[in-house]
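Peer 1: Each chain, written out:
There are 2 protein chains.
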Amino acid sequence: MTDTKENSIGFVKTQTLRVVEKDNPLTLECGKSLGPIDVAYETYGRIDANGDNVILICHALSGNAHVAGLHTPNDRKPGWWDNMVGPGKGIDTNKYFVICSNFLGGCSGTTGPSSLNHKTGKPYGLGFPIITVADMVRVQKLLLDKLGVKKLLAVMGGSIGGMQVLQWAILYPDFVRAAIPIATTSHLSAQSIAFDAVGRNAILADPNFAAGQYSKQPAEGLGIARMIGHITYLSEESMRAKFGRKLRSAENYMYDFDSEFAVETYLDYQGQSFAERFDANSYLYITRASDYFDLVKDYGSLEKAFADVKSRFFVVSLSSDWLFTPLQSKEIVEALAANRKDVSYCNIASPYGHDAFLLEVEALGQFLCCFLKAAYDPKNNKPCSCYTRQSRGVSFLDEQPHRARVDYGLIESLIASNSSVLDVGCGQGELLANLLRDKNIKGEGIELEQNLVLDCICRRIPVIQQDVERGLNFYADKSFDYVILSQTVQTLKNPEKALLELLRIGKKVIVSFPNFAHWRCRLQMALFGKAPVTGQLPFEWYNSPNLHFFTLKDFDRFCDKLGVRIESKIAFSTRPLKFAPNLRAEQAVYVIKKD
Amino acid sequence: MTDTKENSIGFVKTQTLRVVEKDNPLTLECGKSLGPIDVAYETYGRIDANGDNVILICHALSGNAHVAGLHTPNDRKPGWWDNMVGPGKGIDTNKYFVICSNFLGGCSGTTGPSSLNHKTGKPYGLGFPIITVADMVRVQKLLLDKLGVKKLLAVMGGSIGGMQVLQWAILYPDFVRAAIPIATTSHLSAQSIAFDAVGRNAILADPNFAAGQYSKQPAEGLGIARMIGHITYLSEESMRAKFGRKLRSAENYMYDFDSEFAVETYLDYQGQSFAERFDANSYLYITRASDYFDLVKDYGSLEKAFADVKSRFFVVSLSSDWLFTPLQSKEIVEALAANRKDVSYCNIASPYGHDAFLLEVEALGQFLCCFLKAAYDPKNNKPCSCYTRQSRGVSFLDEQPHRARVDYGLIESLIASNSSVLDVGCGQGELLANLLRDKNIKGEGIELEQNLVLDCICRRIPVIQQDVERGLNFYADKSFDYVILSQTVQTLKNPEKALLELLRIGKKVIVSFPNFAHWRCRLQMALFGKAPVTGQLPFEWYNSPNLHFFTLKDFDRFCDKLGVRIESKIAFSTRPLKFAPNLRAEQAVYVIKKD
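Quick note, the sequences are listed as chains P and G, same order.
Residue numbers for the first sequence follow this note's numbering, beginning at 85 and rising by one.
Residue numbers for the second sequence follow this note's numbering, beginning at 85 and rising by one.
No lab work stands behind these hints, which were simulated from the structure alone.
A hint or two may mislead.
[Said to hold, decoys possible] In the DSSO-like style, the derived pairs of lysine-lysine whose C-alpha atoms are separated by at most 27 angstroms in a straight line are:
| id | chain 1 | residue 1 | chain 2 | residue 2 |
| --- | --- | --- | --- | --- |
| 1 | P | Lys300 | G | Lys300 |
| 2 | P | Lys614 | G | Lys614 |
| 3 | P | Lys577 | G | Lys614 |
| 4 | P | Lys330 | G | Lys381 |
| 5 | G | Lys388 | P | Lys577 |
| 6 | G | Lys678 | P | Lys653 |
| 7 | P | Lys614 | G | Lys637 |
| 8 | G | Lys562 | G | Lys235 |
| 9 | G | Lys388 | P | Lys326 |
| 10 | P | Lys614 | G | Lys678 |
| 11 | G | Lys330 | P | Lys414 |
| 12 | P | Lys637 | G | Lys614 |
| 13 | P | Lys581 | G | Lys614 |
| 14 | P | Lys645 | P | Lys677 |
| 15 | G | Lys614 | P | Lys662 |
| 16 | G | Lys562 | G | Lys523 |
| 17 | P | Lys330 | G | Lys116 |
| 18 | G | Lys381 | G | Lys394 |
| 19 | P | Lys577 | G | Lys637 |
| 20 | P | Lys581 | G | Lys591 |
Remember, it's a predicted structure, so these values are computed and weren't measured experimentally.
All chains, full assembly: derive it from the sequences and hints.
Peer 2: Written out as structure tokens, the structure reads:
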């Protein structure tokens, strides 16, 4: 997945198609109608015989249809996501047929406020009707119909592109097999609306704006809007690393109001170059569409919004994104999970803020590659070939678990075929993969570590990146036949809270843990007066990940005290033990329930 | 500390004094000279016989000299910090003599860009020289000299006011007994400079600005600058709570570009009203002074900047402040602590963002009240009278520790008189207070909980709010004769890391902990196979705050393995035990060291 000339898509061309005729205009959400509508788009790769490999990419505010490749040999820059889309890249154009269109209201070929209004013979300007994200998506659908596309393998996009993805899955549930919203939200926060509003104010206040019928761009206003935008796209951390308090040239202050900090000249440049290539009216319309996007308002609640979606989802946030935050992605994930939809989620660790969806090519590319394969061929459970030691250092293909997991076999034996299973702290997804293969379960995982989440995605297991200690309150009571917590409870800060939560969402909970009353432990404790160190408890007291030590008897007492029913318990070392289990067993597996 | 008419300061008047004459101008940091300079100021309360009770308040960007009370009976609003300053309030004007002056470059009476330039007969406009925070402070000093003030009990202020506080302590170390920088920074981040730059761009781009010689305010530009500022003063959380996605009036969208979200109309109002009362040129000069403020650049490092300060410091940050973040306050605290200055620090929990320094009246008022008393009368160690059950729910005056702390007496006996002591996890400061009283030590505390930090401040003990697990790397090696960690090590996630850190900064470390090998524990473990619950270990395994269990023998092994020398150990239950301590002792105190 390196970005060399060899794996570039090469030369591409933006094409244009009329999707709405003048005489049969499209009625927009605002109630007004619009026509004709032309759509600019690009396609890469070839559609396969069954039309199963079509991916739609939705671009963000300042993007356009030109995702990858070059238009001419003289282009200084390739398309905006060239490092992600191409032969052998994260979105592999050797396999998939990729489409991207400039959205409605844009200024790169699709009908927007800078298009000619056939009624006046002048550009629409502020006479263009207010558009919404749903309008954009409907126009994209008309394009796909014209192109003869019958279904989408996936629709994906970041930022406003991600809003379109959500809207796609809701409006056309049978058309979209997989939805990948990246760094997005189901509704803008007050703070984001505020930033948009200030940017629009700057454009509207520019004397060149001329109520939208400008001949010369309101460059000052648009530049200021873009500067504000740019601050929100970067993180405080990445700005510090990139600029800090560096001065443009001199070592000492100039003592005037010229731009002298490096960050000032950067913003000046961003503002100016944006004003040269983007239309101020489009900026107004697109930010307004983004402000108006609100699935909660439109459908009553996020859960209701997603009630009828049929896509499998992969939701991605970036850890340092403060424009559309990981919390906002989690709201989407939780609403989907509450609806028991097929949803995976990863919060990719990155210092680059919102912009990371364009910059974290390596990590995001691997996730997209694996998830797309799972969507394209869900029955094949061989790990994805991109997933090698070369590309991520280490993987489950060549990594041995550091202790044999005897409990996995036991747990598997306790689970009925065709049941629904949530594995909390599912790690590399080994247990779930076995259950999927042997018992035809409906399996899902919860895992905290990004690398392990990738392992699960690669194994085609739906997985949500989440700390179980933060609760799983988005799952309704008794959502699962089984909830598994294997070799994890002793590492939790608050085992009581976590266990009660699992007992709420699972009809049965299967817990495995090390027995601290094994005779080796007792001996070390009683005779030698030292904290035990054994094969199952190999750590010193001062660096152990195990934060709570307890025994079979303690666990019985816990169940008794909290009204938890023990359905079965298996004490074992290398094999199950009946006699004196609290003394002889190194580990135990319990099946418990609570009404 | 309620805000009723009864405890208002009443009617006050802004006065003006010429501090620099035309013929003897002041040379500014930029190299240019300025004169005459007039300063507008207010004073409240009376100076005491020795002049020991003078407090200087430094205002922030949009503030002025009018801190408290009313100018006329028709005033709609009192001064900007009226809820904090007045009889019986956090800053008690019955006790203290309070001064605040409008800073240089302002537009509320002190000489600034809107003042008449005597050379041109017109307002200075952009002909005003660039000023710095140090210039502002030097002019304040000239005012105090004119007023006959010989020393300051305290200088305090938030935001840019806090920068002035830092500069005061550095420029006039013998003049300032206590410095209270609130919600401030030693240098703006790239992100903050960026926000300032965009605001200035909006002003400069306003056609009314006329290169600074405007007759009509550039209200659009200044309004946009203020809107951006306001977003940074509020937290995302507080904006969500205050506005969310509420619409101004209608239930449904208007589908136009008028302000219709509540947050938009709020910003419009803030922008407009600010443009009516504030001068655009002043905005440019003050934000530039704030961008230029950089103690690291000026003095080589923050440690060097504070090398010669003599004030005691109380640094305050607000937890949700993202303009001048808690991390930036901590940098100040750490540089002071590295210099072994008398510094206390609290990160007040608040959802209100940067604005919280004006809004968290209750919490901040209590801290200021107690800290000012400690500064005014450091020898008196009676807790402050404001500090009662009424005002904060519970206090050490009426709260009994839930277990008798036998170890305190033992630890005290181990510490030499006149030594320096750091108590890590010092709680309410009881042990340090005893040591200060009985052994004349130089004592400091580290504590995580805000209420306990207040307890310590109230007891006149310097205390830094910090999680010991995040490290204490700002202290040089062997900074203290003794570092104490009492009954805490077993609750840490990573005891090894923490202990090694304490051994680095302390010549000796005194650790007390419960002994897990006490015979009661062994008995429960060995015979009954259950995790021990005893008087010293009263918790169940599933809800215990104790995360690591170890014994005297384990601790010996730990010391042995990591090259730690045990200077003495006392095993005890209700009294010290010589025979079979690992079996009989419920607790232990170790004195350890590492070269």
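Peer 1: Looking at the structure, which of the earlier hints fail to hold?
Peer 2: 5, 6, 8 and 20
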